[in-house]
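Chains W and Y, in that order, give the protein sequences.
Residue numbering for the first sequence follows my numbering, beginning at 7 and increasing consecutively.
Residue numbering for the second sequence follows my numbering, beginning at 134 and increasing consecutively.
No lab work stands behind these hints: they were computed from the structure.
Treat the numbers as computed from the prediction; the structure is a model and nothing was measured.
Positions of the beta carbon are idealized from the N, C-alpha and C atoms, including for glycine.
A portion of the hints provided could be inaccurate.
[What the hints assert, rightly or not] Only some residues are given here: those of chain Y computed to face chain W with a beta carbon under 7 Å:
hint, residue
1, T406
2, P429
3, V712
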Amino acid sequence: MSLSKEDAARAYWKENLRLMLILLAVWFLVSFCAGILFVDLLNQIQFFGFPLGFWFAQQGSIYGFLLLILVYVLRMNTLDRKYDVHED
Amino acid sequence: METSTLIYLVVGATFALYIGIAIWTRAGSTSEYYVASKGVHPVANGMATGADWMSAASFISMAGIISFTGYDGSVYLMGWTGGYVLLAMCLAPYLRKFGRYTVPEFVGTRYYSQTARVVAVICVIFISFTYVAGQMRGVGIVFSRYLEIDINMGVIIGMAIVFFYSVLGGMKGITYTQVAQYCVMIFAYMVPAIYISILITGNPIPQLGFGSTVSGTDISVLDRLNGLGAELGFTAYTDGTKSTIDVFAITMALMVGTAGLPHVIVRFFTTPTVRDARKSAGYALLFIAILYTTAPAVAAFARTNLLTSIPNVSYEQAPQWFKTWENAGLIAWQDKNGDGIIQYGVGAPFAGAPQFTNERGEHNERLVSNAPTADETELYVDRDIIVLANPEIANLPGWVVALIAAGGLAAALSTAAGLLLVISTSISHDLLKSNFKKDISEKGELLAARIAAGVAVIVAGLFGIYPPAFVAQVVAFAFGLAAASFFPVIVMGIFSKKMNKEGAIAGMAVGLIFTFSYIVFFKFISPELDNAEHWWFGISPEGIGTLGMILNFVVSVAVASVTKAPPEEIQHLIEDIRVPRGAGGAIAH
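So that you can see chain W by itself, here it is in the shape it has in the complex (with noise of 0.2 Å):
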């Protein structure tokens, strides 16, 4: 890679947090959205036995929030790749 180090760095900076902002916009959409502010309306969809507000408020969130951090994780080894900067 040509850039110098500190651009490296800037980009992977910068390429960080567009990630962690559209996955913590995911984090906020499983549980606050879905579980909470849009609940009543969510309520009316059943989904395997649950009104789906509900499902989303005891059990979906927790399933996105494991999904996320997954993501993250392997979005991250590969970036930290990308720009050189990962451990050894």
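Dock chain Y against chain W, hints included.
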């Protein structure tokens, strides 16, 4: 074999295991004592974090709270798991890269201020003691319920065990005992959960049974629950009674508070690399999620069982577990209308906890001396019964009961040990070494940490034996203060290069004072005003940390924008913690 003999055997065996691990992994250096030499594998760290995090309250009380509040209980499920997303993305990898021992140390270094560090130490000690008092009490309660040992004796036994392995083993000992404790508690939680799921729905996986139909019918568990509740006048299980803004604020405060709790953060200082710190957060949430997705299922099953087998049944025909737990004092029935039939509905049968007289009534029920209320309901049920009585409700053998006892103890002891360690390191490392005795040798510091841990165990034990009246009400404190102080300060310390000493201290002070005053006002000064009508924006004291956090952010940014930017070397430090490369072992200094 008698159930009580089995309990002695199982609890004794787990205690022997913890002590064995403590001897095998005892710490020899400050690095081992504070952060287990940063050599903990992410899976082990994830389990240890899970045990550290899941307290007596998670294990014993949470399913019960959900069972009796339905949708409203979701705040704990989302709040106590969602914080791990914040930890994984906003805190853990950077704090690991920073590579020191404690949270106050980060605050002090990043904000080049001894004052900030001391404020942080005070917060750490306050938050941790608040929390640990409940754990020691929890140990005593488990002993007294299952083994009919006096609560105080139970607390003393718990103190002795925790003293032994936290003083001897430090972080290294605690980590590996917590791994064992996680295994004990999750096994103890899942076995009865699986049985009760099969009993109610025929599906062995509680998470799936939760959405299935009740055995022998084509009605789903939740529809059945809503129907049973409606007959007795309860709000639908799947609907809440709290206002949307309050549910929002409480969930946010619990999430952010989780991410700001020092005994949780410090676990991420123990991994070998930054990559492992991220992974650890994922494993931690996975191990926590197993219990947290099971709890609401157990809550729904147990409530279905309660509502089908108790209301409008005559006392003589009530199931055996009803009488067992009445004898233990967790259930009380006051036959208000004298018909010999148990009426159950909205409200409380009498004010407060039951005061049992030593007499029996005409149906052989235990009499209580409490004055009855005007409500028609005649039944008092302690919420903890949902987890404690599960094995009997599902007709499980004695060894499962023994397992629950061992699991409850594991949950309480592991959390207590994690908190005590944080208290002792704050004292030896952040107060003693950095303020009063800078030239202390490593041996001296280690000894100081051990003495501090010993003293902290004794203080925590005293809190357990003489619980301050406010213990039950101060959980809001721990989360609210962590949310309003540490979380914003650490996040801005990593994500903003412009955030300076003045901004951080002003923000922490405003966030803390605001949150503290609000909780003290509604919980202690004017508890009669503690209702939605008087709360600001309809936010209860449990959720006020959210507002405290926002205030902290706003004040910090405002103050930092009119004061001097942080010095050059701090800006370099920030650039350095943002990239993983170069995260070596712990830096001794």
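- If you take the shortest Cβ to Cβ gap from P429/Y to chain W, is it below 7 Å? 4 Å, holds
- Does T406/Y pass the interface check with chain W, least Cβ-Cβ distance below 7 Å? Because about 5 Å separates T406/Y from the closest Cβ in chain W, which is inside the 7 Å limit, the hint holds.
- Message: Take the shortest C-beta to C-beta distance between V712/Y and chain W; is it under 7 Å?
- Response: 4 Å, holds
Consistency note: the structure conflicts with none of the earlier hints.
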